[in-house]
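Trainee: Spelled out, the chains give:
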Amino acid sequence: MNSSSRNTVILLVIVGFLTVSPVIMLLFGSFSRGLSVSGAFTLDKYIAAYTDPDLGEIINNTVIFVFGSSLLATLLALFLSYLNNRTDITWKFLFRIISITPMMIPHILFSVSWVLLLNPSNGIFNLILKQLFGLKNSLFNIYSLGGMILVEGLLDMPIAYLIIAPAMASFDVNLEESSRVCGANTLQTLIRITLPVLRPAILAAFILCIVRCMASFAVPSVIGMPGRIYVLATHIYRTISIGFAIDYGKAAAIGMSVLVISVILIIIYRYLTAESEKYVTISSRGYRPAVIELKRAKVPLFFVLGLLLFILIVLPVLVLVYTSLVPYSMIPSSRALSMMNLNHWREVLKDPISILSLKNSIFLGIFGATIGIILSIFVAYTIVRIKTRTSGILESLSFLSFSFPGIVIGVGFMWFFVRTPIYATIWALLIGYIATYIPYGIRPLSSAFIQIHKHLEESSRVFGAKPLTTMRRIIVPLLIPGITSGWILMATMFLRELSLSVVLARPGSEVMAVQILRFASDGLWGRLSALGIIMIVISTSLVALVTFIGIKLKP
Amino acid sequence: MEIQIKELSKYYYTDGKIIKALDNINIKIPGKRICTLLGPSGCGKTTLLRCIVGLEKPDSGEIKIGDEVVWCNKKGINIPTEKRGLAMVFQTYAIWPHMNVYNNIAYPLQIKNFPKEEIYKRVKKILNFVKLDGFEKRLATNISGGQQQRVALARALIAEPKVILFDEPLSNLDAKLREETRKELRNFLSELKITAAYVTHDQIEALALSDVIAVMNSGYIVEVGSPRQIYFNTTHQFVADFIGRANLIKAIVKSQKKDKTIVDSEIGTFICQKRDFPVESKVILCIRPEFIYLKEDNYSGEGNIITGIIENLVFVGETCEGEMSIGNKRLMIKIESESSLKKGDVVNFVVSSDHCLLVSD
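Those protein sequence lines, which keep their order, are chains A and B.
Going left to right, the first sequence walks through residues 1 to 555 as my numbering numbers them.
Going left to right, the second sequence walks through residues 1001 to 1361 as my numbering numbers them.
Hints may contain errors.
[Said to hold, decoys possible] For lysine-lysine, the following BS3-like pairs were computed, each having C-alpha atoms within a straight-line distance of at most 30 angstroms: (1) B:1017 - A:92; (2) B:1057 - A:295; (3) B:1017 - A:298; (4) A:298 - B:1074; (5) B:1083 - A:298; (6) A:295 - B:1112; (7) A:295 - B:1083.
These are computed hints drawn from the structure, not numbers from a lab.
With these hints in hand, go ahead and build the complete structure from the sequences.
Mentor: Right, here's the structure in full:
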């Protein structure tokens, strides 16, 4: 066995351990008597889980929530991609902002800001409307399926955009032009040519959104649970952490179906993305797509874009800053202004658990992302450069965790760690995070490796550079963009991680998102907002810093 | 149906500079003929084609297809592409990847809401015409480049358009297939008696396919003529140099005879094709290498005789290509491949006066 195939096997063992062991634990746990995985074989957990009288309604809610928000996210993304690639709308750089900022505003804070705006008892927007029109009752109730769909849809839109927009940009414009020459007008061309050619990409985006919505925990917990609207993720959470009859086995039994569905969807997703790449024809000429002149529609459409930008980025931050400064929920007014103080901030900074969660999250973000990215470099290199059957298995395995719903896989990890000394420590979280989010590191790096043509490396060797020198002088400098974007993606995800953490965090290993969820369920909105702003500032400055370092290091 | 283009101009603005993509173009593309727009890349030929089809908007001028004005900035007329009733074969073929061959070809008729049976009949017929019988159900992405090219042609032909436009349709095929397809295309088009405007940068393609060639350079039309006119009797240095290869020699007109013009050139006196240049004016003498023949010992014609030293000769299969020198001037030559000449030989060549072209300096 030569050294490269030995390394491939080592990587396969590491990645296999990270991705397969929680699934196996989950499987054993769901068939085991009692609270551990080693009890006698039983079907009781499945029977209990699937005969639960509430399950029908929960599944119903889940289906509506998942499809509704995926549809909203995909349609919004399609609209934005079309606007960016095919029309003469002004300020196209705004689209880049829309596609990357949601990384900096954690999902849980985004959900909280909508609760603060639209909750029926004292949502700021509701209060303003009541005052303006002298209404008795609140106009909007965020604690509804509609509210959940709206927020989750907005949150998942960037993911759909990142899939649809490149497909639309690489679209061969001749395909549309030849349709027009054949006598079809713009609308006919859109319906008969543009959308069908983009269908694999659109479907891929939709399916990825479905997987993400099924795994979503922030929206269902912050918005759904107060309105007593349970979906599968919160149902699992309720089974393992609320009340007296905690039953991990039952949660695992439900989780298994969620996991299986996710895995199937991710396999379909991979097939569709491969299909959509097949459709990309290389246009020989650099003709820029004939952009549609929006004329009179330009201003209203730009207004829509501005509104989206405001809703996605400005509004949540504003609401949180405001809430962190006022003593209780009130309409922004001169009275509110005069009552503003830093009490919530002081309380948060005095609160030992908040400080601990802050430290833990920063550690997990920086250290976890660094470990994660190092592992990703090796895995990506093996996948792209060493094309053996083992590396093929490695690729499939590393893709598997894409489908992991955090809360489900968290139960598997918990069973795994409970037999080891790292249970209830921050290391358990670290391993869990890397296992769940490794695809986000591998993907930018493998595309970077694909771009570094093998000849670049080989010619360095031909001219006499040793392998290590080649690595230092050629490969690493060319990889820097991939490394930075992978690191940023992982670090921001680790900083805001919620769904896995709610299962794995124990006293002493609290993280920020869990602490925020705790504040939310206690109704401590002021402290929550203060901690939330700190969280946003940390992730934003991390992104800025690493981007800056990446630019500096660029050859 | 003929296409008339009057004073057509199109500008691009990049980096604050104005680039004239089309500079006051006037041309009449004759009906039921194949007209080629030929020129180096960036000469504006594709832009002109895209203006005709309506995918690009000119800045001024007029385009008339048949009797209908499709674009005129003064009258504010701009018929959209889809209403111009044209057909086009794109360089990338633009075969829709989500449709099979049948639907790709049927598309123009489907858009015009033809009855299903009629569409079926026509597609069958056209598939037979382009020799793609039995390919109906094949996915458009699963056929070869040459077959895609024929699907694109079939799609262009099916609606029996007034005019077909071709944008370098053969440039993505390999050399051998390109030659075959070129011959096929010529047969198809002459059989159908259709008006075709054909853009290419390949002079052989242009010479072989066209009834009329319009040579373009940096946004304007240099010369329009039949392939033979363009090749044998051009009046422009650019055309002489671009079509085939030409030795360009500086010369001064010495005297005008009844049907010949006599010049003094860098390499001696030449009797040339008649051109109306004033005596003593500076001109350029163009001689194509393939018309420089070896002088046979018993030659007694009236051709110009050149004596030169062979500088190099390279065997390229069909012929030997090389250079000879006459004083300081070097001329490209082309001689038969079995020749035993070698470097340093002093040789006499003959060039007929009909093949000595004079163009303005």
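Trainee: Check each numbered hint from earlier against the structure, then list the numbers of those it violates in ascending order.
Mentor: none
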